[in-house]
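**Student:** If you want the building blocks of each chain, they are given just below.
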Amino acid sequence: MTEFFRWLVFLMFVVLAPPVSVGIIRKVKARLQNRIGASIFQPLFDLLKFYSKGETVSEVTSWIFRSSAGINFALVLIIALLVPWVQFKPHVASADIFLVIYLFAFMRMMTVLAALDAGSAFGGFGASREVTLALLIEPALVLCLASLGVVSRTSDLEQIFSFANLALSNQPGLWLLAGSGLFLTSLVELSRMPVDDPTTHLELTMVHEAMILENSGRNLLLVEYTHALKLLVLFGLSAQCFLHAIAPVWQLPAVLISAASGGAVLITLALVGVQEGLSVKLRWTRLPEFIAYAVTMALLSVLVAIAGRLGS
Amino acid sequence: MGQLLLLSAIPLILAFLSLAAADERSVRRIVAAMLWAQIAVVGWFVAPLLLGAQTLLSFAPDFCLDRLGACFVMLTTTVVACAATHADTFFAGEAEHGHIHNPAHFKIFYACLNMFLLAMSAVFICDNLGYIWISVEATTLFSAPLVYFDRTKNALEATWKYLIICSVGIAFALLGTVFVFASSQHGAIVQGSLNITKLVAHASELDYSLLRLGFIFCLLGYGTKAGIFPLHSWLPDAHSEAPAPASAMLSGALLNCALFGIWRVSRIVVASHHHAFAYEMVTVLGTLTVVAAAIFLIRQHSFKRMWAYSSIENVGLILVAIGIGSGALFFLQALNHSLAKVALFLLSGNIAQAAGSKRLHDLHGVWKASPPLGLLLALAALAVTGAPPFGAFVSEMLIFQSSATPAHWLVATLLVVAVAIAFVAVMTHVGRILLGGAKADFRAFKPVLASLVPGALVIGSLVMGVFAHPRFWEGL
Amino acid sequence: MTLSIYELAVLSASILAIFLLGTTYIRTNLGFYSAQTMAIAAATMLAGSQREPHLYVIALIILLLKAVGIPVFLIWIADRIDAQTDAGTYLPAPLSMHLGILLLGASYILSSELPMMLGHGQGSSRIGATAAMSLLFSGILVMLTRRIAISQIIGFLMIENGIYLFALTQTHGMPMMVEMGILLDVLVGVMIAGLLLFRIKKSFEHIDASQLTQLKD
Amino acid sequence: MAGVLIPHSVYLLWSAFGVWGAGAAGAVLTGQKQYHKLYSGVLLSGCLLLLGGLIGCWPANTSWTSDFVFFGLAPLAGRVDPLASVFLALLAVSGSAVALFSPGYLAHLGQRLHPGFYWACLFLFMLSMGQVILSANAITFLVFWEIMAVSSVLLVATDHARHSARLSALIYMGATRISTALLVGGFLWLNYLSGSWRFSDWHLSSAAALWPAALLFLGLCIKAGIWPFHVWLPYAHPEAPAPVSALMSGVMVKVALYAMVRLIVLGGSGSQILAYAALCLATVSAVWGVLFALMERDLKRLLAHSTVENVGLILMATALSVLLRAAHLPELAALSLAAALFHALNHGTFKSLLFLGAGALDSSTHTRDLSFLGGLARNMPWTMACFFTGAVAICALPPLNGFASKWLLYQTLFHTAFQAATTPERAIALGLVGVLSLVGALSLACFAKAVGIAFLGKPRSDAAARAHEASAGMIAAQALLAGCCLGLGLLVPQILECLAPVLSEAVAEPVVTAGFFTIPQLVILAAGVALFGLARSVVLRAQGPSLRSYVTWECGYGDLPARTEETGSSFSQPIASIFAPLLQYNVWTEIKGKDKRHFPEVIEVKVLMVPFLERHLYQPAVAAFEEMSKALVRVQTGSIHLYLLYVFLTLLVLVWVGVRL
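Residue numbers (our numbering), protein chains in the order written: chain A, 1 to 312; chain B, 1001 to 1476; chain C, 2001 to 2217; chain D, 3001 to 3661.
Worth flagging that the hints you see were computed from the coordinates, not collected in a lab.
Keep in mind that the hints are not guaranteed to be accurate.
Anything over 10 Å on all C-beta distances counts as not near chain A; from chain D, calculated [unchecked claim]: (1) A3025; (2) Y3035; (3) T3367; (4) G3434; (5) V3451.
Okay, derived cross-link-like pairs now, SDA-like style, lysine to any residue, Cα gap no bigger than 25 Å in a straight line [stated by the list, open to error]: (6) A:K49 x D:S3569; (7) C:K2216 x D:Y3550; (8) A:K49 x A:E203; (9) D:K3606 x A:S67; (10) C:K2202 x D:V3512; (11) B:K1358 x D:Q3419; (12) C:K2216 x D:K3606; (13) B:K1358 x D:K3606; (14) A:K53 x A:S67.
A quick note: this is a predicted structure, and the numbers were derived from the prediction, not measured.
Don't be surprised by glycine CBs; every beta carbon is placed ideally from N, CA and C.
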């Protein structure tokens, strides 16, 4: 019985949560800027609006442009089903670290190709920037997860992030380092504030937005939903890391832990909103320095993972 | 005594015939045909030795033929026959391309060719050091007119240098023979003797210091004739200025005679059980020659000079084989080198004739101009530089294997590196000749006839490479 | 030390060779060469009386062919190509003569290295070895220092004489056939060189071997 | 043949080589006549025979020695065992793809190709590669290794009217000959140590065998194109015609790696120094290869550099297996060797596919320069689909085979990170995981650029605009290889099963490969397709709101020309500026015009990249040899007196040395 209930809650969460999470971030940012801001369900209404809007497709594009949104949607759903971004996620299949990394890479490939397909200058340099940023942060992402995996001696994410994993029960330092590394990498991966201002309309400064300039109508709906779900998954993962860092949570019963994980996700989203309110978009040439912080976090967690065994 | 006459009958008759006959076109054909007959005669004569029935064939005092000598006589006669056969089409081509030679030159050329064959065969037959010296000197004298056939200034200069340097060199070989003879007088042989079998029998009683001096002088003398590194300077000039058939014979057969002289003297020194110094010296000289020739090959400007330096490289390898002391390796490397080198010289004769120039700079696009010739040149170049399917690879690997011992590890390394450098250098030059757009004035010529002999030789080298079973050369 | 007539003849041959080094006139060089070969022929005659009789025959042939035949042939050629004197030498003639004498002394020292001849009646073979070595060195000197082609032939002939002297003094006499063969080769060699001299004169208008440097890498 | 009973399927193998030999002879005889279809058929039948023979004698470990063919030191001897059959299968598959591809492609080369020599060399090339893999003793190996080298040099020089083709052929010939010289040195040394030429007698586990193993390793590194010695590869592979460069990059490079596995890994080499050196070289060549691939404008040079990267990965896995075996972790050593062999197989398929795709591009647009291509997806849809599959495979994206082999390598490194004994080893392993992910991201960027710039967007030249689709045979070849990529991706456990005997031989204990690959690729593919179908049907129904096709968004300036489109070099400029010191990358701009600051008339921008290795390592070496030769040639002054002086001096030296010795 609980298994069906757990599936129901999870699916409901997967369908509704992504647009709402984007709404929450915007709401918190608006509040910081003394604005009331749109309701947190506004992105959901936008998606429904896109569903009924007409679609314009450039005649230059090939089949890649029209199918890349669909492929990305499928991929992000598979990732959401595999990665334990919330504790109440039912087990589907073994979520190997490197499988997840390369599913993300597949999504990136399709987005970049779709951007290049329209043959516009904006899509081109957006794709080039996306690929450059990905190249810089991928090692950080992999090393964060790998260092967690090394200490818990398994590469299956579900086992790493399960509260039954005793190897990591007394490693708050490692959790914090890996969590912050993940958080910073997801900021770059999702092109949030310091990397790229999602609300800008100046194409020259865009990274992610430039790539989806050509999408419209239902295509855009798929793209927006995919992006939102990816945002939720990545921030959810870093939220789980922070949650594991808090020692008392390990003793809570299962139901409370899943609730706590949901709460952690919300708090992280709020954190992102606050961070967006406070920081300003960095120039493109200064980005590698920002990313260097994410890489340093990853290397620190590697050091702890390797040397940590010496301590215990 | 009868066998001696039998062996030298055909060359002598041909020599007088070519001097007497009027029309040189018929002389060329007759000489080519008769030389193949000479191969048959020598083959019949030498068959018991080659098939293992007998190990020694002595048919006159101071004249005997062992299995190694038999192989070399067969090789030399074949090389001369191939050169003569190809000479026919080559000179016809020369006439077509406007280099008209007056008939007197042909008379001298063909007379000397036959006497040259006789002298070379004599080297392998003599059992007496003195007779070997006389035959080697005779080869020099008879090959001088061959080099001088083109009657150009360069040919004259090359002939003069060839004659003077080789004669001086061989004079020292005579001094070496005198020393060996003197060392035999101190020993058991009261009157002293130059007969090799007798010397080998009594080798331990020979006076060691005189024998050592004798070996060194003979090594220097015959080494000059063979083209060992510091003494090689005449070889590129002579081989590049001589007409293609002549330089084919010079490279393919003459070098083997000179090296055979060194081999004979080294047998005596080995029999005297003090041969450490001899082997050491020959191996070091051989390696030096291979390395120097490889470095020479890197910067080449003339087509046939390049093949001359490649001959020097192979002489070095043969010397190392002699330094190892195995007659089989000596003959194998000489055979494989001769097969490939004769084919190469004949082909480069055709190409130089068709392209009108010997300089590497002007030769390109042979592949486009005449594919069969290009293919043959590529295969022959691969054969001579020791690329696997061909025979030279087998003999070179045998030499490397026997020199790859802790004592000679440096020699083996230098050889492997030098052979690699030589391969890259030669194939770069050949690559530039073969590839690229065809030259405008590349005169067409009958490719089939001209590439018949080189083709056969390349196939021979291929057969030597693929079916080289040690049982063939066990007994050498 | 009293020298026997045999040793005198041998020494005089090497002395004549050193005299040859002193002049650059072709005709006088050839004169010295024939004198030196006559001395060797005499030495062979004397050796013949002690050892094998066939040395007499060889002495006669050397006298006829090498002492008289070759010089006459070379003089005839020199006149035909009017090569009067050597076109200059790498080493001035007097200096090379003194060097020749120095080499005579050196060869005397070196001859002690060579093992002694066993039971040789005609006095110690050191004199013979010394003379032969000095003749050899003089021949080499002529070849290295003289420019024109004809002196190179003379140098080659002197080396040939030196080697023959070695054979004469160090051994009881080479086999007859070998001697004949060597003689024949030398004669044919000189004839071919002579013919080439005509060609060089005709095509190069000079016979200076040091200018024949067209063929180089 | 020795008396032993030879299974009938080995005769199938020999018949394959017999067919190729006959093809070679026939090709030489037919000369200029264009019998491309006939010879493609002969090549295809040979490949099928080979495949049949392999399947026939799969589990057995048969070996044979020829009685009459003898190469002087050792007979022509061969042996079929699982390791050899894996690589022979790769040869057969690539060969059949090339056979299907050739008729269409060669028609386009037309007069610039001499059909007789081309086909003869191709048959020789296939035959010698097969024999090298099958050879059981060092002499047979060397003979066919050199024939392989020479025939591939001639194939690179097929279109030798172009100067660049001639230059590349000569550079390649020099590189292979140096590698052969090193191999000869290594073989001689091992023959001296073991006294025999057969590989089975050679054991590299002893300490004395370190130096010959190092020589072999260096020689094979040159041929495989590992980092400092890879300089010839970007010259040779692009210049050859597409089918040949597919075979060279796909199969010949693997033959060098096969030899490394056969001689060094199965030979039992336990030396840590060699393995660590190999690991360093492999890592550097992986990063170096993909970085330079990113900077290339010529599509085939891009693929050649990416071969250097993948070869680096394979060598890394091989070196790891040696290290892990030395560290007594047999199960992990088997896993890393499985990763090496499987990645070699995969790279063979998708790199051949990409080269054939580039060849199809070249045949219809007559150019390989990315800045003149673009918008080919429209009129070359099938080629684009196959090239896209190849790109997805090479970037190791999930459903396909590239991901499977890379995942195995990741797993090896990951497990080493916590099973290895000492801390430095664990740190290196985890560090390598980071480097591997960097290389993965770089190759994604590289192939996104290749696919995006070449196929998508607006055509940048009218040749690209008028391009026509490749012929049926060419598409069939690419589809075959694309199918292989997918098939290999989905059948990973079965393939690891086939590799098990090799792994157990290498690790000297039985290996169960069941637990090696746990990713359910098929399930993921099915889920992906299902969800994609859901997305398309539910969300993008045809009769939904209007679907208007219009001009690409250009801020209202009207339809911009193709010149405003992203080009290859601008796509990789951000990455190049980050790695500028490593790549010696600098952009040279010149502004012309009367008033440069305010009214520039012409702005010229050029990307200058100093070929670092060639400039500082190879050109000085070649110049040194030239200098040495120039110095030695001064000996030949032409003056007869000097030559006589040489004779007399040598006489003095010889006498003095002789007396002393």
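**Student:** All the hints need checking, so say for each whether the structure fits it.
**Tutor:** Status of the hints after comparison with the structure:
1. A3025: 46 Å, holds
2. Y3035: It holds; Y3035 of chain D is separated from chain A by about 37 Å at its closest Cβ, greater than 10 Å.
3. T3367: Correct as stated: the minimum Cβ-Cβ distance to chain A is 19 Å, above 10 Å.
4. G3434: 4 Å, violated
5. V3451: 6 Å, violated
6. A:K49 x D:S3569: 39 Å, violated
7. C:K2216 x D:Y3550: Cα-Cα ~75 Å, so violated.
8. A:K49 x A:E203: 24 Å, holds
9. D:K3606 x A:S67: 37 Å, violated
10. C:K2202 x D:V3512: 90 Å, violated
11. B:K1358 x D:Q3419: This hinted pair is violated, its Cα atoms lying about 68 Å apart.
12. C:K2216 x D:K3606: 46 Å, violated
13. B:K1358 x D:K3606: Since the Cα atoms of K1358 of chain B and K3606 of chain D sit roughly 43 Å apart, the hinted pair is violated (cutoff 25 Å).
14. A:K53 x A:S67: Holds - the C-alpha atoms of S67 of chain A and K53 of chain A are around 18 Å apart, at most 25 Å.
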